[in-house]
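*Asks:* Residue strings, one per chain:
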Amino acid sequence: MAEVRLENVTKSFGGKTVVDDLNLTIRDQEFLTLVGPSGCGKSTTLRMICGLERATSGNVFFDGKPVSWLPANKRDVAMVFQSYALYPHKTVRQNIGFALKMMRVPKATIDEQVLEAARTLDIEDLLDRKPRELSGGQRQRVALGRAIVRDAGAYLLDEPLSNLDAQLRVLMRAEIKRLHVDVARTFIYVTHDQVEAMTMSDRIAVLRDGVIQQCATPEEIYERPANRFVASFMGSPPMNFVTGALADVDGVRMFRSTALSQPIAVSDGQPADVVLGVRPEDVALSPTPVEGYRQGRVFVSEPLGPDVLVTVRIEDELLKARVPTPFRLGHDAPVYVGLNPERLHLFSAADGTALQAPRDAA
Amino acid sequence: MAEVRLENVTKSFGGKTVVDDLNLTIRDQEFLTLVGPSGCGKSTTLRMICGLERATSGNVFFDGKPVSWLPANKRDVAMVFQSYALYPHKTVRQNIGFALKMMRVPKATIDEQVLEAARTLDIEDLLDRKPRELSGGQRQRVALGRAIVRDAGAYLLDEPLSNLDAQLRVLMRAEIKRLHVDVARTFIYVTHDQVEAMTMSDRIAVLRDGVIQQCATPEEIYERPANRFVASFMGSPPMNFVTGALADVDGVRMFRSTALSQPIAVSDGQPADVVLGVRPEDVALSPTPVEGYRQGRVFVSEPLGPDVLVTVRIEDELLKARVPTPFRLGHDAPVYVGLNPERLHLFSAADGTALQAPRDAA
Amino acid sequence: MGHHRHHPPHLGRLHRPPLPEGKFRSMTTVVQVPLRYRVPFKKIALYVLAVAFGLYLVLPFYWIVAMSFMHEADAIAVPPSWVPVHPTLENYLGFVNPDAAQELVGGRAVSETPYSLRNSLVVATATALLNLVLATFAAYSFSRLKFRGSQVLLLLYLLTRMVPGIAIIIPFYLLMRSFGLLDTYLALILSYTTFALPITIWILKDFFRSVPRELEEAARVDRCGWFRTMWSVFLPVAAPGLVAAAVFAFMTAWNEFMFALFLTSTTAAKTIPVVAANFATDFNTQFTVMAAAGVLAVVPPLVLALLFQRKLVQGMAAGSVKG
Amino acid sequence: MSVLTERRPLGDNAKAWALNAPAIVVISLLVAYPIGYSFYVSMQRNNLKRPRAKRFIGLDNYKALLSDDAFLSALKVSALFVLVVLGMTVVLALLLALVLNERFRGRGLLLSLALLPWAMPGVVNGLMWRTIFDAKTGALNGLLTQLGLIDSYQAWLTSGTGAFLFTALAQVWNTLPFSVIILLAGLSTIPSELYDAATVDRAGAFRRFTQVTIPWLLHPLLIVLILETMNAFRAFDTIYVLTGGGPGDATTTIALLDVQTVLTFTDFGLGSAYAWVITAITLLISVGYIGLLYRKGNFEV
Amino acid sequence: ACSNGSGGGAGDGSVKFEGWDYEATLVQQNLDNFTKTSNVKVNYTPITSAQYVQKVVAEFTGGGGPDALYVYDDSLAAWVEGEYLQPIDGLPGVDDVYAAIFPGNAEAMTYQGKRYGLPYYTDSNCLIYNADILAKAGFSKPPASLEELEAQAVKIKSMGLLEYPIGLPAQLSDTWWAWVWGLVYSSGGDMFDDQQAPIMNTTDTVTKDVLTWLQNAANKSKVLDPASLQLLPVPVDNAMKANRYAFTIGARYALRDYNDPQKSKAAGKMKMALVPSLDGKVHGTISNTRMYGLAKDTEVKDDAFKLLTYLGGFDASKQPYTAKFWFQQRGLGFAYKELAKDPEIVAALKKFADPAIYAQLAEIARPRNVLGVAWYTEFETEMHKVVQGVLSNQTQPSAAVASLAQTAGTLKKKYS
Ligand SMILES: Nc1ncnc2c1ncn2[C@@H]1O[C@H](COP(=O)(O)OP(=O)(O)OP(=O)(O)O)[C@@H](O)[C@H]1O
Ligand SMILES: Nc1ncnc2c1ncn2[C@@H]1O[C@H](COP(=O)(O)OP(=O)(O)OP(=O)(O)O)[C@@H](O)[C@H]1O
Ligand SMILES: [Mg+2]
Ligand SMILES: [Mg+2]
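Those sequence lines, one after another, are chains A, B, C, D and E.
The first sequence begins at 1 in the numbering used here and counts up by one.
The second sequence begins at 363 in the numbering used here and counts up by one.
The third sequence begins at 725 in the numbering used here and counts up by one.
The fourth sequence begins at 1048 in the numbering used here and counts up by one.
The fifth sequence begins at 1349 in the numbering used here and counts up by one.
Note that these hints are calculated values from the structure, not bench results.
Just so you know, not all the hints are guaranteed correct.
Calculated lysine-lysine pairs in the BS3-like style (CA-CA distance at most 25 angstroms, straight line) [unchecked claim]:
(1) D:Lys1062 - B:Lys436
(2) C:Lys1035 - B:Lys452
(3) A:Lys65 - C:Lys766
(4) D:Lys1101 - E:Lys1613
(5) C:Lys1035 - A:Lys90
(6) D:Lys1101 - E:Lys1489
(7) D:Lys1101 - A:Lys90
(8) D:Lys1101 - E:Lys1644
(9) D:Lys1101 - E:Lys1762
(10) E:Lys1762 - D:Lys1123
(11) E:Lys1489 - D:Lys1110
(12) E:Lys1644 - E:Lys1489
(13) E:Lys1762 - D:Lys1110
(14) B:Lys492 - C:Lys1035
(15) C:Lys767 - A:Lys74
(16) C:Lys870 - B:Lys378
(17) E:Lys1613 - D:Lys1110
(18) A:Lys90 - B:Lys378
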C-alpha cells in the first residue's frame, strides 16, 4: 500500500558520508532486496526509510508524500532490526505482541496472532521466556515475529535470517514470501545470502559505499551485471575475471590474455583494455583434450556437496570451475578448460562498466 | 596444542536439558564444526568448553586433564561470541588488542598485530571507532579480530561470519583456514552455512536437541548420513524423502511407494517400512521419456543462479530436482524423473537410522 | 526434516486484526499533510522544561550567591535588590585573610573555613572511594551470583540504614572514642561509609545488572581474572552507575552535620557543615558571611559534578552485544 | 594450556559471601553495636537528667507510644509529609531526569545545577530558606510583590497548612538531586535501540515511556522510593529551621519529635523507641515497595 | 584529644575547656591572656551553639567531657543530676563572688543548695521601643502597662506608621521564650509556686491575663504581628533595626546592636524600658544566667578552677576581669552589682542604653523558678506551642492555662 521513494538521500556521520545521493523508488507491493558489502549503508538506508535516522540531505517519500519529518511511530512500517533489539524485560509473547498492543488490538486477537506467528517461527514453546534465555537463532526469530504479526504499510527486514540454519531459513524464506503475497505490501529486505536475494526479490538493489550500482530483477543482475563490481559481488563462488585486450585475429574478434585466447562476439567501438568475466559454472572441464579447450592443471579442488569447485591454473592465471560431483583429478593433474562462449561478460578495464553480457537470460 | 574432550556432558537450564550426555573428542589441531538446528545447544556446548558455563554433569578435558573447574581465563581459549560481546567503551583497536594486553605483550607488538588483523578483516580504517559506530558486519569482524590476534590453545568460533556478505565470507573463511594451518591449534566452529561446514572442517558434528547425531568427515556426513535427520539437515536444498516399503519383485529388491518403484541394492534383514532418500542433485529430469524414468509434472521451478530447483509432482508426492540452468519447462509440463540408483539412501521408517547409503563417497 | 517442526502443509494466512479503518491501516491515511517543516514541539518543550527546572534549582541558590556579595543591610532590604547594589567582597575576605575575619561574628569559623573545606574534601572523597570499593564487591554478588540469603542480606543492609542517626549517635560516639578515633578523618570516613554503603550497594547492583553478561565473559576469555575483568571491562561499562553511587556517597559525606559535629572538635577534622553552623548563633547570624561560606561549600562538589557529568549520561553498552 | 589443575573454585554461595564480607565487616563493626545498643536503650527508662531512675522496662516505652498524643499527631504529620514530599520528588525528579537524558545545549550545566541543592550544608540551606520565606524581608515576598502577585508581605509559615506546604517545598528542593541522579543514571542504561524498536512498533512518546522507560527504571525507582521515604521520614534540618515544628504541631514530624526527645529532653529511652518506630515503619514501607517493584524490574539484559 | 580513660580532660595537663561558639576568637584571645599570666595551658573547643548541649551531653556520656565548660542555667539541674558537674562550694573566692552578684544570678547557679558556677554573663528582659516612632505618634514616654502598650500601638497603627507595631520572636525553636516569662514576671505573677507546682490555672491569674492580652493584641486590635509565629530572635532584631517594629520585648544587650549605626538604621532611636505590666506597677522581670562550671571528673581540678576564677571570678585586684571584658567588647550583661557603678562601664553603657533602667532591670530580675525540675524543657516546649495557639487565636487563654497546668502535672507524674 505504499510506494517508498528516496530522493537524493545522503547520510553522513560526522563528515563521513555513508549513503551518497541515493535515488531509489520501491514500488508499491514490491519485494526489493538491498545487497552490498558489509558497511555499505544498507542498514542506514533502512533506518532512514523507517524514520529512525534523518537523512543529512534529500527526502524520503511515502506514496509521493514527503515523510522526512514524520517520526517512525507514525510511518506505519514494521522492521526487523539487524541487532534484534528485543525488549529484555518482556517475554517472547509480549515482545511479539507489543506492536499490536500499541495499536490497541483486542487482547484475544493479539494472543491468537502471537501464537500463530510463534507457530510459524517454531518458537511456540518459548513464548513465556525472556530473550535472555534464548539461543541466538531463537532471538532472531522473535525479532522476525515482531514484524510479521504486524499489519504495516511497509516491511523492512534487516538480515532477518542470518542466524538460522539452512533448513529453517528455507522455511522462513517461504513464510516471508507468503506474507508478502498475503498482505500485498512493500517489502524491503537486506540480506547477505545470495540465494535469498535471488529467489525472493522482485528487484535487487546493489549498494557499494553508499552508492547504488544497479537496481534490477535478479535475473538481470545475475545475467547482465551493470559493472564488474556487481558481477563479482553476485554469484558465489564469484565470477572469474581475466584481464586482457580485444584484438581482431583473422577477422574474428578475440579476447586475449596471457593465458586465454577466446573468440568473442562484441560490438565495435569498445576500448581495447578489457576484463573478461566468466562464472565458474560456465567453465567446463575435461580430463581429455577437447576442441577449443585450453590445457591447464588442477590447482585445488573443494567439494561443495553436489558440486566441486575446481581451481585450475593456466599459465599464471587461476580460473575457478564449478563442476558436478564426482571430480576425481588430483593436484597438478592436467585438465582441459573451456568457456561457454554464450555466457561471457566483458568489462571495461578502466572503470569496470559492462561492455557486453550474455544476450539471453537463462 | 589441545585435545578437547567432552565426557557425558549434560547441561540443563532449570530442568530443561539442552545438552544431553554429550561425548565428543576434538583432536588436537582438528577443525571441528558443530552444526544443528537453531537452539540445539551449539553455543551452550562452546560455552562449556570455554568455561563460561559449567556442565550440570559430566566433565570437560583438555589434553586429558579435567578442566571443569578451571575458569575461562585460565583455559587458554579464544572465542568469537555469537552476540559479539564487544567492549563498548573501547575502540576497535583496543577491543582487538585487549587479550594481548592482558598477556602483557609489548605495546608495539600489539599494535602491529592488531593492524595486521584489521587489515585481514578489512576494518583498518575503523580502528579508532567505538563499536556503536559500526555496522553489523563490521562489529562481527571486530569480534572475529579479537579471536584471531590471539595465540590460544583452542579457538571457539560461534557463527563468526553470519553477518558478512558472500564475498567477504569467502575471504574470511580462507583466513580462518589459513590461521588454523598457521597456528596448528584446535578449532571448534559453529556455523549455519553448509558450505562453510563442508569446506572448512576436518570433521562435522551434527547436533540435535543436545544430542550428537553423527560426527564424521564432511564427505561421510554428506554421503553416509547416520540417520534421516542428518541426511535432511545437511544439504540444501534438502534431500527428498519418500516413505514406502521394501519388496521383492521378480527377485529384485524394490523400493515401492505410491509414486515410485525403484530397484535398490540393499542387504537382507532390513525392516519392511523404510524411507527412501535422494538428494535433489541426484534426481535427473528429462523433457522426454527415458528408460526407467517416471513421469511427473513440473510443479514449480526456482532459479538458483547456476542451477534451477525444480519441484516435480509424481502422483501425490513432491520431489525436488536440482538441474543446471537453463531449465525451460513451465508449470504442469510433463517431465520424466530418474533417480541416480547409485546415490540412494535408505532409512528405517521407525527410527530414521540409516539402512544403507551410497557405497562410495564422491 | 526435524521432528519438531510440524508445519501444516499449507499454512493459513495470518489473521489480521480488524483494524479501525483509516486510523492505522496505511501510511496514506497518516500522511495527509507534507510534514516538512514541523514545529519542533519536542525541542521547545525540552527547553521550556530545562529552563523551568534550571530556575527552580538555581533561584534559591542565586539568592545565597547574591547575598554573599552584599552588605548585611542590603541583604535584608525591602524590597530586596536582586543584584548587589553595593557589591562587596568583604564577606569572602576573611576566608583568605584571617585578620579580616577577626571583627566578624563567628570570626573563628571564618578562619576555620579553609581547613574545613579541605577536611570535607578529604573525607568526602575518601568516603566515596571506600564506598565504591566495598559496594562494588557486594553489589556484584547480588547482580551476578545466585546465592542463598541474598534477599535477606539486601534487606539487612537496608535495615542498618533505616535506624535514624539520632538513635545511634551516642553509642557511635562511644565506639569511636574507644577506637581512639575522635577528631580524625577516619572516624568520619568510617561513619559515612557505613551510612552510604547499604544504599550504594543497592544502587550499584542495579547498574551492574544492566551490564551484559557477555562482556564479562568476553573478558574472561580474553584471559582476565576476575579483578581485571571488573577493572577493565565491567566497571567502565557500568560507569554511569558508579558515578551516581560515588556522587551519592560524596554528598552524603559532604553535607552530613550531626555526626561530624559529635565526632570532631578541631580543625583537624571539622567539616564544612559544622563550621558553617558557627555563623549562626543564638545572638546573631552573619547572613552574608554564612552565604559566602555556603557558596564556597558548594563550589567543590559542583566542579566535580561538571567534571563527571559526561560519565553520568554516557550510554552504557551501546553496540556491544547483538540480541 | 597453562595450568590445568583440578581445583574447585568457590561456589556461588561462598563467592557471594566472600564478596560481601568486607561490607558486612565494616557495617557490623561500626553499626551493629550502636544499633543493638539503641534497641536496648529503647527498652529502658533512660533519661539523662535522671540517671538514677534508669532501668530496664521492656516494651513499656513502645506501649506508652500508643497513648502518646504527641507521638500520634507527629505520626500523622509525618505520614502526610512523606506522601507529599515523596510524590513531588518522584514526579519532578523523573521529569528532570528525562529532560537531562536528552541532548540539548546546556545539559551539563543543568545537570550540575541539579546537584547543587545536595552540595549545600544543611545549615546554609536552612538559612537560605529562612531568608527566602522570611515574613519581613523574604526574597519570596519580594519577588511575588514585584511580580504583582501579592499586595503585601505575607507570613507564609504562620498557618498550619502554609508551614506544611512550604517546608515540604524546601524539602523537595533538597532531596531532588539524589533522585535525579539515580534516575538519570538508570535512564542512561536503557539501550537506545529499544526506543527504536518501540518507535517502529508504533509506540508514541508516552507509551515508550510506560513500556520501555518505566520497566527499566523500576529498580532505580525502588531505590529512590526507599531512600526518599526514609529521608522524608527523617526530615529534620529544614523543618527545624523553618518552623521548629510549628505553628502548634502542624509540622512536628516524628523525626523532629525524636530529635527533640533525645537531644533537648535527653530522654534516650523514649527517643530510641521513637527511632525504632521510624525504623519499623520505613522498613515496612520499603518491604512493601520491594514486594511491589522488585520482581517486575528484575530482568537481565 | 580525648581518647584516654574515663576521666575526660585533654590528658596532657592542659585544661580542656568547652563553650558554645559565641565570639570564639575573642574567647581564645582572652584565654591566651590567661595562659600567659598563669602558665596554665587551656585547650579550648568552641561548639556550635545550637548543638552545644547535645554535644556536651554526648561527651560526658561517652566519658570524654571537658574539665571546664559553659553551662546554661536551664541545663544546670540536668547536668548536676547527670553527674557532669561538681559543686564549687568552699573553693577559694567562691563566697566572695556569690556575695558580689545579683541574687537572681546566684539563685540560678545554685541547685539543691549547692553552688555550681561562676557567672559568665547574664541578661534580663526589657521593653525595647523605637522612640522615633513613638514620637511621631505623639508619645514621649514608653508604656508602663500592657493596656498603655496596646493603646500606643493602636495609635501607631491607625496613623499608618506601622501595620504591626509589636513584634515578638514566637517561632518554635529550642531556645526559651524569655518574653513570656518576662510578661508574667513583670506583672508580678508566676506560673509555679516555690514547690514547682503549677499555679497558672489556680491561684495566680496573671498568666491567663497576659495570654488574654496577647490574644487581643494579636487578633482584636491586631497590633501584634501575626508573622511573629515565624520569627526567631534574629529576624526580629533585623526588623527592629529596620524600623519595622515600634516595640519588642527582648534582652538588654540587644540594644547595643540596635543602636549601632553600622548595623542599624534605627541607631540612636532605640530605648529600653521596664517590661509593661498588667497594672502598670513595677514588679520584676526575667533573667537568665550563663555560667562557667567545673566537671566532676576533671583530673586538673586546680588548674580548671583557676581558669574558672579567671573567667568568672575576681582577679588579683578584686575586679571581675573577664565579665568587664565581655561587656566592653560585646555588651554582655554582667552579674556583678558593683560593675554597674564602674565609670568605664557606665560610659560604655550610655552609648546604647539608659544606665539607670539597665541597673534597675538587673536588680528586679529573677530566674525561672522551675529551672531545677527535670521536666522543665518539656514544659517550656509545650508552653511555646500553647502560646502559639493563643496568638493564632486557636486556643482560648483559659484553655491555654488549663492545658499548661495539665502538662506540668503530666510531666511531673512522668518524671516521678
Ligand atoms: N539461560 C537460559 N535459560 C533457559 N534456556 C536457555 C538458556 N540459554 C539457552 N537456553 C536454551 O538452550 C537451548 C540451546 O541454546 P544454544 O544457545 O546452545 O543454542 P544454539 O544451538 O547455539 O542455537 P542458535 O543456532 O540459535 O544460536 C535453546 O533451546 C535455548 O532456548
Ligand atoms: N553512528 C555511527 N557513526 C559513524 N559511522 C557509522 C555510524 N553508524 C554506522 N556508521 C558507518 O556507516 C556505514 C554504513 O553502516 P550500515 O550499518 O548502514 O552498514 P550495512 O550496510 O548495514 O553493513 P552490514 O552489512 O555490516 O550490517 C558503515 O561503514 C558504518 O561504519
Ligand atoms: Mg547492517
Ligand atoms: Mg548459538
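*Asks:* If a hint holds in the structure, say so; if it does not, say that too.
*Replies:* Results of checking the hints against the structure:
1. D:Lys1062 - B:Lys436: Measuring from Cα to Cα gives roughly 18 angstroms; hence the hint holds.
2. C:Lys1035 - B:Lys452: 14 angstroms, holds
3. A:Lys65 - C:Lys766: Status holds; Cα separation ~23 angstroms.
4. D:Lys1101 - E:Lys1613: Not OK: Lys1101 (chain D) and Lys1613 (chain E) at ~54 angstroms, beyond 25 angstroms, violated.
5. C:Lys1035 - A:Lys90: 28 angstroms, violated
6. D:Lys1101 - E:Lys1489: 55 angstroms, violated
7. D:Lys1101 - A:Lys90: With Cα atoms ~59 angstroms apart, Lys1101 (chain D) and Lys90 (chain A) exceed 25 angstroms; violated.
8. D:Lys1101 - E:Lys1644: 20 angstroms, holds
9. D:Lys1101 - E:Lys1762: 13 angstroms, holds
10. E:Lys1762 - D:Lys1123: Holds, because 24 angstroms separates the two Cα atoms, which is no more than 25 angstroms.
11. E:Lys1489 - D:Lys1110: Given that 25 angstroms is the threshold and the Cα spacing comes to 58 angstroms, the pair is violated.
12. E:Lys1644 - E:Lys1489: The given pair, whose Cα atoms are some 50 angstroms apart, is violated under the 25 angstroms limit.
13. E:Lys1762 - D:Lys1110: 14 angstroms, holds
14. B:Lys492 - C:Lys1035: Holds - the C-alpha atoms of Lys1035 (chain C) and Lys492 (chain B) are around 16 angstroms apart, at most 25 angstroms.
15. C:Lys767 - A:Lys74: 18 angstroms, holds
16. C:Lys870 - B:Lys378: 18 angstroms, holds
17. E:Lys1613 - D:Lys1110: 56 angstroms, violated
18. A:Lys90 - B:Lys378: Given that 25 angstroms is the threshold and the Cα spacing comes to 21 angstroms, the pair holds.
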